[in-house]
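Here is how the chains run, residue by residue.
2 protein chains.
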Amino acid sequence: MSTNLSAVTISPDQLHAFCVAVMEKVGVSPSHARTTADVLVTTDTWGVFTHGSKLLHGYEHRLRGGGLRTDAEPRIVHASAASALVDGESVLGQVTSTFAMRQAISMAKQSGVGFVAVRNSCHFGAAGYYAWLAAAENMIGMSMANDVPIVAAPGSRTPVLGSNPIAYAVPARSGNAIMLDVATSIVAAGKIFAAVQSGKSIPAGWLIGADGLPTTDGTKFPQEGALQPMSGHKGYGIALLVESLAGLLTGAAVTHTVGSWLFGDPSDPTNHGGAFLAIDVEALMPLEQFYARVDKLIDEIHETPKAMGSDRIYLPGEIEWEKRADALAHGIALPDDVVAKLRDVAKKVGVKSPV
Amino acid sequence: MSTNLSAVTISPDQLHAFCVAVMEKVGVSPSHARTTADVLVTTDTWGVFTHGSKLLHGYEHRLRGGGLRTDAEPRIVHASAASALVDGESVLGQVTSTFAMRQAISMAKQSGVGFVAVRNSCHFGAAGYYAWLAAAENMIGMSMANDVPIVAAPGSRTPVLGSNPIAYAVPARSGNAIMLDVATSIVAAGKIFAAVQSGKSIPAGWLIGADGLPTTDGTKFPQEGALQPMSGHKGYGIALLVESLAGLLTGAAVTHTVGSWLFGDPSDPTNHGGAFLAIDVEALMPLEQFYARVDKLIDEIHETPKAMGSDRIYLPGEIEWEKRADALAHGIALPDDVVAKLRDVAKKVGVKSPV
Chain A
1 MSTNLSAVTI SPDQLHAFCV AVMEKVGVSP SHARTTADVL VTTDTWGVFT
51 HGSKLLHGYE HRLRGGGLRT DAEPRIVHAS AASALVDGES VLGQVTSTFA
101 MRQAISMAKQ SGVGFVAVRN SCHFGAAGYY AWLAAAENMI GMSMANDVPI
151 VAAPGSRTPV LGSNPIAYAV PARSGNAIML DVATSIVAAG KIFAAVQSGK
201 SIPAGWLIGA DGLPTTDGTK FPQEGALQPM SGHKGYGIAL LVESLAGLLT
251 GAAVTHTVGS WLFGDPSDPT NHGGAFLAID VEALMPLEQF YARVDKLIDE
301 IHETPKAMGS DRIYLPGEIE WEKRADALAH GIALPDDVVA KLRDVAKKVG
351 VKSPV
Chain B
1 MSTNLSAVTI SPDQLHAFCV AVMEKVGVSP SHARTTADVL VTTDTWGVFT
51 HGSKLLHGYE HRLRGGGLRT DAEPRIVHAS AASALVDGES VLGQVTSTFA
101 MRQAISMAKQ SGVGFVAVRN SCHFGAAGYY AWLAAAENMI GMSMANDVPI
151 VAAPGSRTPV LGSNPIAYAV PARSGNAIML DVATSIVAAG KIFAAVQSGK
201 SIPAGWLIGA DGLPTTDGTK FPQEGALQPM SGHKGYGIAL LVESLAGLLT
251 GAAVTHTVGS WLFGDPSDPT NHGGAFLAID VEALMPLEQF YARVDKLIDE
301 IHETPKAMGS DRIYLPGEIE WEKRADALAH GIALPDDVVA KLRDVAKKVG
351 VKSPV
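First to last, the sequence lines map onto chains A and B. Using the numbering used here, read the first sequence as starting at 1 and increasing by one per residue. Using the numbering used here, read the second sequence as starting at 1 and increasing by one per residue.
It should be emphasised that the hints constitute simulated quantities derived from the structure, not laboratory data. Worth double-checking, as some hints may not be accurate.
[Stated by the list, open to error] So the derived label-pair ranges between C-beta atoms look like this:
(1) A:Arg64 - B:His256: 55 to 63 Å
(2) B:Pro214 - A:Gly199: 21 to 29 Å
(3) B:Pro214 - A:Ala329: 35 to 43 Å
(4) B:Gln110 - A:Ser201: 54 to 62 Å
(5) B:Arg173 - A:Thr9: 54 to 62 Å
(6) B:Pro214 - A:Pro286: 36 to 44 Å
Quick reminder that beta carbons are idealized off the backbone N, C-alpha and C, glycines included.
Can you build the whole structure from these sequences, using the hints too?
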């Protein structure tokens, strides 16, 4: 029973079936379970293991607690021709977010663009997945969500905004969308925890301490201090755009009223907000012409002279698409921490672990 | 004839009338001249002098050269219910961008959201102005444009993308929108030139040199090396979103084919691209409720405990609104470089300088 990274490999289909089985065991409908597994397993194939099937462990806790509901469906509260407000009714965030982006895509097919904002959602995993749903329909997609504050504003001593992720995807002829999915904090909180665990100091510029000034000591985070926003006032400003679209505009919880999906009372809904935009390429330009332009830019970037010591320039998402091709061909090589979480959740719900 | 900053003060109305007079003198229609002056003077009242009436000097050169046309109007190439493509026909970028955002606002009033992409535009000044046009109509606005490459990608030795600005505005009850307008480079190129002029070295992380590695020597920029993107791959990725929406999707010039509005042949159109999004708040939430939520968040951020040495936390745009209030009450105190450019353009076209 090795937990070595390369030794525990699983096919995406097997992992998908396992995720579905775990969720169904705690009352999730087959349809919601499949949708959620689609998101989690796709994310694992991209190599983004922090946001893949590892999350199932926390979701299971919250599903049993009732904070994530299994007896409801996301619904459209009201809609115009090209915008809509969706209430997620506290079902799995992946279900609500997929529903919302599909609605945005459907509106964009009719009207050229679709914008769907969401309240009563929960943690939605990798923001990039929903942007990619739009790219798969020949659209440019954007997705974002608010979260519990852990990031400072310039001049603050305590957290002001969440790491508020924002993602986009631009379709390419190859099927491998140009795809960016980033936290608006300077780094993910996980990088602080990892540095602390390995006894390392934190690079200057990542954290502020209890006095609000930069610190290289990560041991007191997140009880004291906060992450710094990416690029100072720029990242703070972009995080505030996310909070405005996903939080202020939707009736979702805002900043400190957002529940922690992982550490909060599992019987309380978290009331995360989200926002999803789809822009139909064909409404503006023939698809062939667009793809020729995208390909030309991709080639141009690849062929740009490299900095000393660099041998490639990547498009956003390119690393993820290469990992996915490998995972589809040879299985997903799961890191130890993911394997441990999957085994633990399997034992908890009484489903046989495939790893 | 002092060029001291505080000594040369002009009322916004006087400055507006001067800008209109200069443009009319080189053949711009009264309507285009007024629209462009609205953008330039508003930007000066915000204290963003790099993007205000100072630009008139370069625009005048390009208007006389013919690269900026005075005999055309921006037109809608095609439109769906909520998205449209606009051809700017190489008139002043401010005219095309205002036209495009007004079209997006009009679509958003009907459909909840409007997205308008633009080709054959030119330098459009401050991106935030167009986002603010939407905020003034109780909408959340976004605007962006591509430009000549001066920013590296992670791993490149030469520039890959422009500083590709992106802006948004969220309306607030006070009228002072939350408003961010940022280049996706780590700093504006102007900061490099200013440091070089004053004989200072460049802070680490702003520039790469001819080998593609970080340098503190700004003397060879922009002939060699490039600006770094804000926050590494994140800023590179966001700049590429701007290039996709404003460039790839519109038929505008892309990356190295964009003309330099300032240094290029003034008889050649620059073919900049732009993109404008308006999201109608009332289509999703009653306006009163939204404004109450915005006000609550603004108060919350203001009241957040301050870092040692800080006495305020600003909302994006707050500094600009305070400067504007002061400018409207006491006039705009113009920096020396702006005064010099205004005097020079006045002399060139034979209009009396008001400063």
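Starting from the range 35 to 43 Å, see whether the pair B:Pro214 and A:Ala329 falls in it by beta-carbon distance. holds, 38 Å
I want to verify a distance hint. Is the separation of the beta carbons of B:Gln110 and A:Ser201 within 54 to 62 Å? Given about 56 Å between the Cβ atoms, the range holds.
How does the Cβ-Cβ distance of B:Arg173 and A:Thr9 compare with 54 to 62 Å: does it lie in that range? holds, 56 Å
Could one say that the CB atoms of B:Pro214 and A:Gly199 fall in the range 21 to 29 Å? Given a distance of about 28 Å, which is inside 21 to 29 Å, the answer is holds.
Status of the given 55 to 63 Å range, CB of B:His256 versus CB of A:Arg64: Cβ of A:Arg64 to Cβ of B:His256: about 56 Å, so the range 55 to 63 Å holds.
Determine whether the Cβ-Cβ distance between B:Pro214 and A:Pro286 falls within the hinted range of 36 to 44 Å. At roughly 42 Å between Cβ atoms, A:Pro286 and B:Pro214 fall inside 36 to 44 Å, so the hint holds.
Consistency with the previously given hints is maintained throughout, with no hint failing.
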